[in-house]
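*Asks:* Here are the chains, one letter per residue:
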Amino acid sequence: MSQTLAFPYKPNDSEAEKASNGYLMSVIAIMAGLPLPIINLIATFIFYLGNRKGTYFVRWHCTQTLISQLTILIMNSVGFSWTMSIAFGSRTLSNAYIAYIITIFLFNAVEFIVTIAAAIKIRKGKHVHWWFWGTLTDLICKP
Amino acid sequence: MKKAFLQFLVLLLVFFSSWLLLSQLNFMKYIHVDRITKKTEHKLGDLIMDNIREQKKEINNDSVQKVLNELKLRICSNNNINADDIKLHLFSSEEINAFTLPDKHMIIYTGLIKYCKNADELAGVMAHEIGHMEKNHVMKKLVKETGLAVVVSIASGSGNPAIITKILQLLSSTAFDRKQESEADAYAVRYLKNAHIDPAALANLFTRLRYDKPATSGQFDVISTHPSSKDRAAEILKLRGPDTYVTIYTPALDTNSWHTLKSAANNYFSGYSN
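These protein sequences, in sequence, are chains A and B. Heads up, the first sequence is in our numbering, so the first residue is 1 and it goes up one at a time. Heads up, the second sequence is in our numbering, so the first residue is 1001 and it goes up one at a time.
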């Protein structure tokens, strides 16, 4: 899921702090965003906008967080709209719905733990590369 | 790019297989959804019954109840349906109507009994309503029209009387959707055939109601819907099939019992004449 790789250069302390804050921002937003999944993305996107002209290390990690949040948003939005359609619409409670909610809960929990772990490592100047999101970030974010 | 795409596919696979595997577990059973639903239905049924009793007079005549129960038993016992679960209520009203409430309360208005030409027609309507009960159409309709949140809030005691009145109007005057009505009709035909009551009577009732529609429009849930009563009468006759040497239909009630019912209904109101 996540691995520590070598980065083209050694980031300084200020860069490590900024990059790490991007991950913490998404974690804090998860707490506020649980009922409304869009909040996570907005918070991470604002942080990304603020740092998009930053150094390569900061940009790279802001992009990785943003993309991961986008994936979580899609997953959680489906769960959110499904819940709303049960509470206020014509859908009924089913095994498939409960299974979906448990699945997204598990994915969110894993993402939460991995994000905190990444924030700690990145604060120390290490380059944490996530499965899929890291690969995608490599394609989007160039030095 | 290829690597990212492959990793994305693996991620999707992990997500969907987790979902699929978890879906195999019967959560509905573990969290006692059925029991909770039954409790909610029971509470809702009681609340709506209280509301209807405030508006209309319930007829608690033993001889009338006995005849209605006889009809109910004949349909239920021939179709493996627990008759005790179905609570029959006769209300004094000129409206030609019968409908189902949550928790298997079946409401019949005296106007309907007066309008029916024979006990077979009344049995047809009752079989149709039992069809709605067996397919749980009432709760599905309530949740669809008002939302689960409203239904649960009413059942938990936070619903106000105005909402309950609205729900009563919804259940008594508007129809189920096309699919549900057709389904209840098909069930009615099956129940009637198993009970050796001629389903053609229900088709006849629909046909008559069609011509009397200006007077009955919007009152009778059985007809105030699509497909049209003409199509439904035709469908019922099609499902009934032709008479064969094994087809033995007998009147739903004997003449005396039917007259008991008719005269009791006539005593409460005079409106439609047969």
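Hints in this document: simulated from the structure, not taken from any laboratory. Hints may contain errors.
Pairs of lysine-lysine residues, derived as DSBU-like cross-links and limited to a Cα-Cα distance of at most 35 Å, are as follows [unchecked claim]:
| no. | chain 1 | residue 1 | chain 2 | residue 2 |
| --- | --- | --- | --- | --- |
| 1 | A | Lys53 | B | Lys1066 |
| 2 | A | Lys126 | B | Lys1135 |
| 3 | A | Lys124 | B | Lys1002 |
| 4 | B | Lys1193 | B | Lys1238 |
| 5 | B | Lys1238 | B | Lys1043 |
| 6 | B | Lys1003 | A | Lys124 |
| 7 | B | Lys1179 | B | Lys1114 |
| 8 | B | Lys1179 | B | Lys1193 |
| 9 | B | Lys1057 | B | Lys1238 |
| 10 | B | Lys1003 | B | Lys1066 |
| 11 | B | Lys1002 | A | Lys10 |
| 12 | A | Lys10 | A | Lys142 |
| 13 | B | Lys1117 | B | Lys1135 |
| 14 | B | Lys1087 | B | Lys1262 |
| 15 | B | Lys1087 | B | Lys1066 |
| 16 | B | Lys1117 | B | Lys1039 |
| 17 | B | Lys1057 | B | Lys1140 |
| 18 | B | Lys1002 | B | Lys1193 |
| 19 | B | Lys1166 | B | Lys1117 |
| 20 | B | Lys1230 | B | Lys1140 |
| 21 | B | Lys1003 | A | Lys121 |
| 22 | B | Lys1193 | B | Lys1066 |
| 23 | A | Lys10 | B | Lys1003 |
| 24 | B | Lys1066 | B | Lys1056 |
| 25 | B | Lys1039 | B | Lys1238 |
| 26 | A | Lys121 | B | Lys1166 |
| 27 | B | Lys1262 | B | Lys1238 |
| 28 | A | Lys142 | B | Lys1238 |
| 29 | A | Lys126 | B | Lys1003 |
| 30 | B | Lys1003 | A | Lys142 |
| 31 | A | Lys53 | B | Lys1238 |
| 32 | B | Lys1002 | B | Lys1087 |
*Asks:* Against this structure, judge whether each hint is valid.
*Replies:* Structure-based check of each hint:
A hinted pair counts as satisfied when its Cα atoms are at most 35 Å apart, and A:Lys53 with B:Lys1066 does not qualify at roughly 85 Å. Between A:Lys126 and B:Lys1135 the CA atoms are separated by roughly 61 Å; this puts the pair beyond 35 Å, and the hint is violated. Taking the CA atoms of A:Lys124 and B:Lys1002, the gap is near 31 Å; set against the 35 Å cutoff, the hint holds. With a C-alpha separation of about 13 Å, the suggested pair B:Lys1193 and B:Lys1238 falls inside the 35 Å cut-off, and the hint holds.
For the hint pairing B:Lys1238 with B:Lys1043, the CA-to-CA distance comes to about 39 Å; that exceeds 35 Å, so the pair is violated. At most 35 Å may separate the alpha-carbon atoms for a hinted pair to count; B:Lys1003 and A:Lys124 meet this at roughly 28 Å. Among the hinted pairs, B:Lys1179 with B:Lys1114 is consistent with the structure: their alpha-carbon atoms are about 29 Å apart, no more than 35 Å. Simply put, B:Lys1179 and B:Lys1193 have alpha-carbon atoms about 21 Å apart, close enough for the 35 Å limit, and the pair holds.
For a cut-off of 35 Å, the pair hint linking B:Lys1057 to B:Lys1238 is broken: about 38 Å separates their Cα positions. At roughly 76 Å between alpha-carbon atoms, B:Lys1003 and B:Lys1066 are farther apart than 35 Å, so this suggested pair is violated. For the proposed pair B:Lys1002 and A:Lys10, the alpha carbon gap of about 29 Å is at most 35 Å, so the pair holds. For the given pair, A:Lys10 sits about 16 Å from A:Lys142 by alpha-carbon distance, which is consistent with the 35 Å threshold.
Only pairs whose Cα atoms come within 35 Å are accepted, and B:Lys1117 paired with B:Lys1135 is accepted, the gap being roughly 28 Å. At most 35 Å may separate the alpha-carbon atoms for a hinted pair to count; B:Lys1087 and B:Lys1262 meet this at roughly 20 Å. In summary, the hint linking B:Lys1087 to B:Lys1066 is supported, as the alpha carbons are separated by about 13 Å, within the 35 Å threshold. Distance check on the hinted pair: B:Lys1117 and B:Lys1039 sit about 38 Å apart at the alpha-carbon level, beyond 35 Å; violated.
For a cut-off of 35 Å, the pair hint linking B:Lys1057 to B:Lys1140 stands: about 28 Å separates their Cα positions. In summary, the hint linking B:Lys1002 to B:Lys1193 is not supported, as the alpha carbons are separated by about 64 Å, beyond the 35 Å threshold. Restraint check for B:Lys1166 and B:Lys1117: the C-alpha separation of about 32 Å stays at or below 35 Å, so the hint holds. Of the supplied pair hints, the one linking B:Lys1230 and B:Lys1140 holds, its CA atoms being roughly 26 Å apart against a limit of 35 Å.
For the proposed pair B:Lys1003 and A:Lys121, the alpha carbon gap of about 25 Å is at most 35 Å, so the pair holds. Between B:Lys1193 and B:Lys1066 the alpha-carbon distance is near 23 Å, which keeps this suggested pair within the 35 Å criterion. Taking the CA atoms of A:Lys10 and B:Lys1003, the gap is about 26 Å. The hint holds against a cut of 35 Å. Our distance criterion of 35 Å between C-alpha atoms is met by B:Lys1066 and B:Lys1056, whose separation comes to about 21 Å.
A threshold of 35 Å between alpha carbons decides the hint, and for B:Lys1039 with B:Lys1238 the separation of about 39 Å lies outside it, so the pair is violated. Taking the CA atoms of A:Lys121 and B:Lys1166, the gap is near 59 Å; set against the 35 Å cutoff, the hint is violated. A C-alpha spacing of about 30 Å is found between B:Lys1262 and B:Lys1238, which places the hinted pair at or below 35 Å, so the restraint holds. Our distance criterion of 35 Å between C-alpha atoms is broken by A:Lys142 and B:Lys1238, whose separation comes to about 71 Å.
Straight-line distance between C-alpha atoms of A:Lys126 and B:Lys1003 comes to about 23 Å, which keeps the hinted pair within the 35 Å bound. Only pairs whose Cα atoms come within 35 Å are accepted, and B:Lys1003 paired with A:Lys142 is accepted, the gap being roughly 17 Å. For the suggested pair A:Lys53 and B:Lys1238, the alpha carbons sit about 74 Å apart, so the restraint of at most 35 Å is broken. Note on B:Lys1002 and B:Lys1087: the hinted pairing is violated, with a Cα-Cα distance of about 65 Å set against a maximum of 35 Å.
Hint check: violations occur at hints 1, 2, 5, 9, 10, 16, 18, 25, 26, 28, 31 and 32; the rest are consistent with the structure.
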